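Trainee: Residues per chain are reported as follows:
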Amino acid sequence: MLFLSKIIKMKSIFLLFTLIICNSSFSQKPELITQEKNLGVITCIKYSSDGRYIASGSDKDYKVKIWDVQSGKLVGTLSGHTKFINDIAFHPNGKTIVSASSDMKNYVWDLNTWSLVDSISYSKEVVKFNYSVKGDRIIAGTTGGNVVFWNSSDYHTVIDLGKAGGEINSLLVSENIIAASSARHDMVIWDAKTKRKLKKVKPIGATEIVGITLVDNKLIYGGEDGKIRVMDLATFKNILTFKAHNSITTIGSNSKRKIIASAGNDKTLKIWSLETGELITTFHNSTLNSQGKEIDEKVRQIIFSPEGGMLATSGYKTSIFNKTRSKDNTIKLYDVDRRKLYKTLKGEVRIPDAYCFHTTENYFYTLNDSLLKIWDLNIGESVGDFVFHERKKENALTNEDEKAETKTVAKKKTLSGLNKFKDMALSGNVPTVKVDPNKIKQKTAEVGGNISKRVIKNKNTIYISSKGKYMLTKFVKDEYRLYAMNNGVPEYQRYLKAKIKGGVNGFAMSPNEDVIVFIGGGENGISILDLESGSITRTLHSGKIDKVLYEARSVSFSRDGAFMAVVSNLGVITIWDTSNWMELTTVDLKGGVRKNAYIHFGDNSDQLFVQTLIGVFSIDLKTFLPKRMGSDIEGNPLTLSQPSNYIVSQDKKGLYFYNIANKTKSQIVGINVKMIAHVEMNKYGYVGVSLKNGELKIIDPETGKERFTMVTESDNAIFKTPSNYYKITKKGTDLVTFRVGKDAYPFEQFDAKFNRPDIVLKAMNSEDEGLVALYEKAYSKRLKKLGISESELSGDMNLPTISILNRNELPVITSERKVILKLKGNDENNSLSKVNIWLNDVPVQGANGVKISGNQFADDIEVDLAAGLNKIQVSITNSKGGESLKQTVEIDCEVEVKRNLYVISVGTSAYKDKRFNLNYAAKDANDLAGLLNESNDVYSSIYQKVLTDQEVLKDNFKALKSFLKGASIDDVVLVFIAGHGVLDSEYDYYYGTHNIDFNNPQSYGLKYAEIENVLDGIKPLRKLLIMDTCHSGEVEKDEVEEAETAELVEGDIMFRSVGNGVKDINEDGVSPSKMMKELFSDLRRGTGTTVITSAGGTEFAMESAEWKNGLFTYCLLSGLRNRTADINKDGKIMLSELQFYVTDKVSKLSHGRQVPTSRIQNIALDYQIW
Amino acid sequence: MKNLFLVLLVSLFSLGGNAQDLIKDYAGLLLEIESNVSHKGFIKSWKKEKKAWESNCGSASTVKDVSKLTVEFISKVYETKMLKAMIVTTENLHDQCVALSNVHNILKDADLEKWGGSDAWKEKLDVLIKKAKKQEEQKAAKERALHIKSVMEGFEKTFKTILEDSKKGSFANIIEESKTVNHYGVKVFFKNGENQKIVVDSDNIYEFQVEFNTNNDPLLAGALQEKILQIISANLPEGFAKSIKYDKQYVKNEMYRFEFKAEKFVLTAKQPSVLIGAKKDGSSVVLKITEPVFKR
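Chains as they are written, first to last, in this note's numbering: chain F, 133 to 1302; chain H, 2 to 297.
It is worth saying that the hints were derived from the structure and are not from the lab. Keep in mind that this is a model prediction, so the values were computed, not measured. Where is the CB? At the ideal position from N, CA and C, for every residue including glycine. One or more hints might be untrue.
[To be verified] Result set (SDA-like, lysine to any residue): computed pairs, CA atoms no more than 25 Å apart in a straight line:
{"no.": "1", "chain 1": "F", "residue 1": "K402", "chain 2": "F", "residue 2": "H288"}
{"no.": "2", "chain 1": "F", "residue 1": "K599", "chain 2": "H", "residue 2": "L230"}
{"no.": "3", "chain 1": "H", "residue 1": "K123", "chain 2": "F", "residue 2": "D692"}
{"no.": "4", "chain 1": "F", "residue 1": "K754", "chain 2": "H", "residue 2": "L230"}
{"no.": "5", "chain 1": "H", "residue 1": "K289", "chain 2": "F", "residue 2": "D692"}
[Unchecked claim] Okay, the calculated bits of chain H under chain F, using three or more residues with CB under 8 Å as the criterion:
{"no.": "6", "stretch": "134-144"}
{"no.": "7", "stretch": "147-155"}
Chain F with its partners taken away, still in its complex shape (with noise of 0.2 Å):
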C-alpha cells in the first residue's frame, strides 16, 4: 500500500501545488464568478485589442459585463450606472474601459480591480466611445450631435470637434480620421491628427447612413436605403456601391481580411469581399430558444475579432413604437472561416419566475413555468420536482388531474449518493451532532405568524403558509389554488374563489392556517374563506364615505392572529378583532394608499405598520394611536410572505432594514436596486433577495451582509459564500469561473479550497449538523489524497509564474493539427525545476512533466492538437514544489478524423501457485477482446494485444508500451486486466501475473503504478484501464483495517483474491472518502487515463459459473454487446454511460458486496466508446 500513497505524492506534487494557487504571493486574490444572463437589448459590444475579451452593455441590467470568449464565460461585471449603457470601449492596452450611459454618466474602469478610477464629465450625454489607435484620447459622440474629445491622461479637458447632424450614431475613429454620422444628417470626416474638418458627406435622399467602418485607406459606409458605399479616402469619391439588403442596420469590417459584415432588416448578417464585392456568406440571425421555438432578430451590433476570424453579433426587434426590445439577450460569435456559428455568450444559468421559502423547513422552491423545484438548503442540493398541472377551462381540477400531478412528484431522489449519505446520517451510522435548538431558536422565535401577500399580476407566484401546511399558487390568467405541503411536497386540494368584484388586491393567511382572507372593492371586499373547506364563511367591507364604499388596498394579521387589519384606498385602516370578527376600530391616515401597500403587524402585536402616500405610520395598538415614522423608514417598505421583526424597504439608492425592537437601521451594499425581483424572509429570519440576473442573495438584515449566494441551472446549483467559499452540484462546474484581476480561470485550479461544502451549508444554517461534520471529513480527506494541507491553502509562498507569449496569435479555430507556444517563466526566490504541459487533462509530456532548471525560462514548445476542443494548459514548478497559476487557452480543431482503438486484454486464470487457479479471468480477457474486434462503426481500425496465463508475466506486460507507441492523439486505448488482485502487509495493491508468488507478490507481481504507467506518455488522449480483480479500487489506509482471511470460494462464487482481506473500519461503508467521491471531482490527473475498477479497495471481485465470467467483465461484455449500456439511448455508449451501467448492474446483481469505482477519472474527457 506504501506504493500508492508514493504514487499519489509523485502524481500529485506537482499537479497538487497547482491547487495553491491561492496563495497570497498573487497580487490579486482569486474571485468566484457565477454566471449572469443578460438583460434587455444589447446596446453594445466591443473586441479588446487581443481578442481574448467582449465587453457588452445593454438597456436593463445597467452593468457593463465583460466574458471571456476562449470560455464563452462572464468574467466580471462593472455596476455603477443607473440608466442604459449606450456604449463602452477598451482602452487598447486592455487595462481600462470607458462606458457612457443614458445616465449622463461616463465611466472609467480598472479591469484588474474591476473598480471605478474616474469619471468623465460632459454637459451632453455621450452615445458613442472610442479610444484613438494608441489610446492617448477618448473620442465621442454626443445625443446633440457634437464629436468630442479627451486625453486619456486628463479626462477633464474637454475638445470639441464640432458637429455631425443630430445625435450620432456611427463613430470610427483610426489613425488618421474621424468619422461620423447621424440620422438623416450628414457624414463628417476629421483629420484625427490637425481636428480639421475634411469632408462633409450628404446623405442620399432620405437615406440615412448607419454605420461606418474603414479598412486601409476605404472609408465603408452602410445606407438605410440597403446599399454599401466604398469611398476613396484619397479622392473623397464613391469607388464602389453595392446592394446588401433592402435596409441596412449596421456594418463592421476587419482591415487584415478586407471584408465587410453587413446586417440588414431582413433579419440576415451577409460578409463581403471589399475587394469584389463579392458575397462571401450568408447567416440568419435565429436561435432556438428553451421551449425550442426560433427566435429570429436583425442585428444591432458588428464587431470583428481583431484578426478577423471571428465576428461578434448582438440583436434586437423593434415593436410598432419604434422601441427597441430583444428575447435573445445573447451575443454570437461566428467562425468567419468556417462560416457558422461558434459560440453563443449568454450566462448559463435559469432566472426563476418566482420562487419562496419554507416557512418552517429548510426548504426553498423555485418555480419556472410550471415546475416547481424543491431545494433542501440542509443539504444544498434539490430534492425533488412537482410539475403544476395546467389550468382547466372549467377552472377546476379534475381527480384525475390530481392523480397526474402526484405522479410527476420526484421525492427524495433515492439514487443520490448525497441522500444516500444524508439517510445514514439520520439513521445513526455515522455521528449525528443534534442541533442545538438554541442556535436555531434564536432566529426563529422571531419569525413565525401569517402571510400577507400582495397581487403581483401577470407574474406567476407561489407562497408557503405561516406553519408550512399550505402552498399557494397563483399563475397568470388562473385562479388562486390551494396546496396541502406533505413533507415538503405539495398535493393539489381546490381552487380558491373570492368572488370579489373586479379582482383580488390581496391576500392574508391566519396564523393558525384556518382561514384565508381575500381582499378587493365592492360591498363583499372582504372575503374570509375556511381553508379546510374551501368555503366563504363571511364577507366584510372596510367600510364607505357618502355611501362609496372604499377599496381594500392589503390586509395583514397580526402574529398572534388576535387582530386583522386592512387598509383602504384612502387610508383608512380597520381592525378586526379574529375571535369574533367584530370590527374594533378605524383610523384614518388621511393619506391616500395604492395598491400592494405596505401593511405588517410588529412583533408582539403591539404595533401596526402602514404606508400610505404621505408616509408610513406605526399604529400603537394599545391606543389604536397612529404615528408618523418620517425618517425612520427609508424609501417603500416591501410586503414580505413572513412577518418579520424588520421591515424591509427599498428606494433607488438601495434596500434597507429596520429593526423594528431597536430601531436600528442597517442596508445592504453592492446591489443595484434596480436589479431585485423579489424579496422574501426566510424561517430563520434572513432576507432572500432574488435579482434579475438569476441571483439569489441571501441576507442576514442585523448586519445588512451577505451570508450567501445561489444561482440555479435546472437541477444543477451553486451557493457561494461571500467569502468565495461555495458548494457545488457535480455537474454545476459550468456555473463557476475563477477570475484573478482581469484573467478568467477554469474552477479546477482553485477548487480544492474553495470547494466547501461544510462552510456553506452553515451559511445556509444547515440542520444536518451530521452531514456537514462529514462534509468537513471529506474536505480534509480530498486535501489529504491530494497532498496539501490546509496551511498550504492559506499560508503565504512564493510561487513561480508562466505566460503564453503568443497567446494573443493562437487561432480559436484552426485546422491545423499543431500550435507552437511560446512559454516564458521565472521565479525569483527558488529555481524552476520542470514544465508542465496538459492537453485536455493529459499530460503530453508525460507525468512528470519536462525538467528544467534554473530561475528563468523560455520555449517553444509545439504541441498537438486532437480533434475537436483542446483545452490546454501549462505550469511551471519550482524546486519546492510551488506550482504557477496555470494558463490555459482552447483552441478548436476542426479536422474530420476516424479513431483507431487499441486493446490491451490481460487475463489470469491458471497460476504457478495452482491452489489459486481461478475459472473465468483469462475467458474474461478473450471474451472481451472478441467483442471488441468485431466491426463497429466507431473506428477506423481496432487494434489488439492480449495476454492470457503463462503469458502474463512483468516483463510482457510493460513491454506493451511499445505497442501503444503507433497510436496517434486521437485514437482510443482500452486497457483490461483480470485476474487476482493482492493486497501485501502495507495494503498496496498487485495484480497477480501468471508466476507471482502470493506470500511475497512484490516480487513478481504488477504494482497498480506499473500497469498505469503503460499509459503514460504515448499520444493518445483518450486512455481507459478496466480492472476486473479484487482490492482493484483505492484502499483508504487510514479506513481500514487487517479483516480475517477470506474465503476464496463460497459455493459456486469464486473470489479474486489470495490471503488477508481488508474491511472498512466504518462498519456501514460511510466513510469520509466515498463521500469526497460523491462530491468533489478528482483533482489528480496523474495520466490522464480514466480507471475503472471492478471492486472497491475493500472489496472482493466475484466470477461464478452462472456469469460464466467474472461478474464485473459480464456486465461489461453484456452492456456492449446488447447496447444497455446506452443509456440515452442515442446510439453511442460514451465513456461515462459505461461507468453508470457497470456500477449499477454490479451493485445489483452483487447485493451491494461488489461496488466498481473510479480510481481516478479525467473529468476534461468523455467520448463514445463503442
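Take the given structure of chain F and dock chain H to it, following the hints.
Mentor: Relative to the frame of chain F, chain H by itself:
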C-alpha cells in the same frame, strides 16, 4: 350599561381558543408541580383527594377554576398561613400565574430537591406569564377600541349640533328649562357621555360640559381624546386654531383649546370655543363647548 355589555362581550370572546390553551397550560403546570413536590409535605387527606383534584385540573376551563384548584393544592401542602395568604381566587390569569410562581418560590428546597425539572418548570411558567400578560393587554386593547367606538358613535353629529347651537346664544335649542344652582339640563346628549350640562358662570357665559368615562385607564383616555380632537379639528370652521391651556388635573397639565384666531379680540369673542382634556388619573375625557363671549 352598554359599556358593561361590551366589556362582557369582549371577555367572553377573549376567553376563546387562545385563552383556553393558556388555562390548559396552567393546569398542566399545576399538575406537574404537585407531582414533583415531596409527598412528605402533604397532609394525609391529600392522598384521597388527589385523584379528584387531578381530574378537575384536566377539565378546568376558566381562570376561576384553576385559581380554585391552586388554592386547594396549597391548602393541602404545609397548611401554612403564609402560603394560603398569598393565594386568593382571581379571574386574571396573569395574576394567577404570578401567584403560582410565588408558590414555587416559597416551597422548601428540601421538598423540591428530587425534582430535576424544577428550573424547566419555572421557565415554562415564565413563558406562560408573558403569554397571559400579552393576553390581558390584548383584552384591554380590544376593550379600549370598543369603548372608543361606542363613544364615537354619533359623536360628530352631536358635536356639530351643539356647536351650532352655541352660536345662537345660550344654547337656545338644546337647553332645558330646569336650572339647578348654576347649571341647566340639556336636550341633546353625547352617547355614553356623563354629567352633560350647560354651566353658567359668574359672567353669565353659557358652557356645554360633558365627561366621557375612561375606566381609570390613562391609555384609553389619551386615545379617546385623540379621536375627539380629530373630530373637533375636522368640524370647526376655518380660522380656528388649537392652543394649550394649563390645567394640572389633566395629562401633561394640559387641556386643548380651540378658538378663533384673530388680531382683534372682538372677532375672537364673537365665536364659540372648545376645550378638551384627558384626566391624569384616566378617569375621563372632559369636553367643554363655550358660547361666544360677545353674544349679542
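Trainee: Please go over all the hints and tell whether each is borne out by the structure.
Mentor: Hint-by-hint comparison with the structure:
1. Pair hint K402(F) plus H288(F) does not hold up; C-alpha atoms about 41 Å apart against a cutoff of 25 Å.
2. Between K599(F) and L230(H) the CA atoms are separated by roughly 42 Å; this puts the pair beyond 25 Å, and the hint is violated.
3. Restraint check for K123(H) and D692(F): satisfied, since their Cα atoms lie roughly 23 Å apart, inside the 25 Å limit.
4. Of the supplied pair hints, the one linking K754(F) and L230(H) holds, its CA atoms being roughly 18 Å apart against a limit of 25 Å.
5. Pair hint K289(H) plus D692(F) does not hold up; C-alpha atoms about 40 Å apart against a cutoff of 25 Å.
6. By the rule of at least three residues with a Cβ nearer than 8 Å to a Cβ of chain F, the coverage given for the stretch 134-144 of chain H holds, with 6 such residues.
7. Beta-carbon proximity to chain F at under 8 Å applies to 3 residues in the stretch 147-155 of chain H; the threshold of 3 is reached and the given coverage holds.
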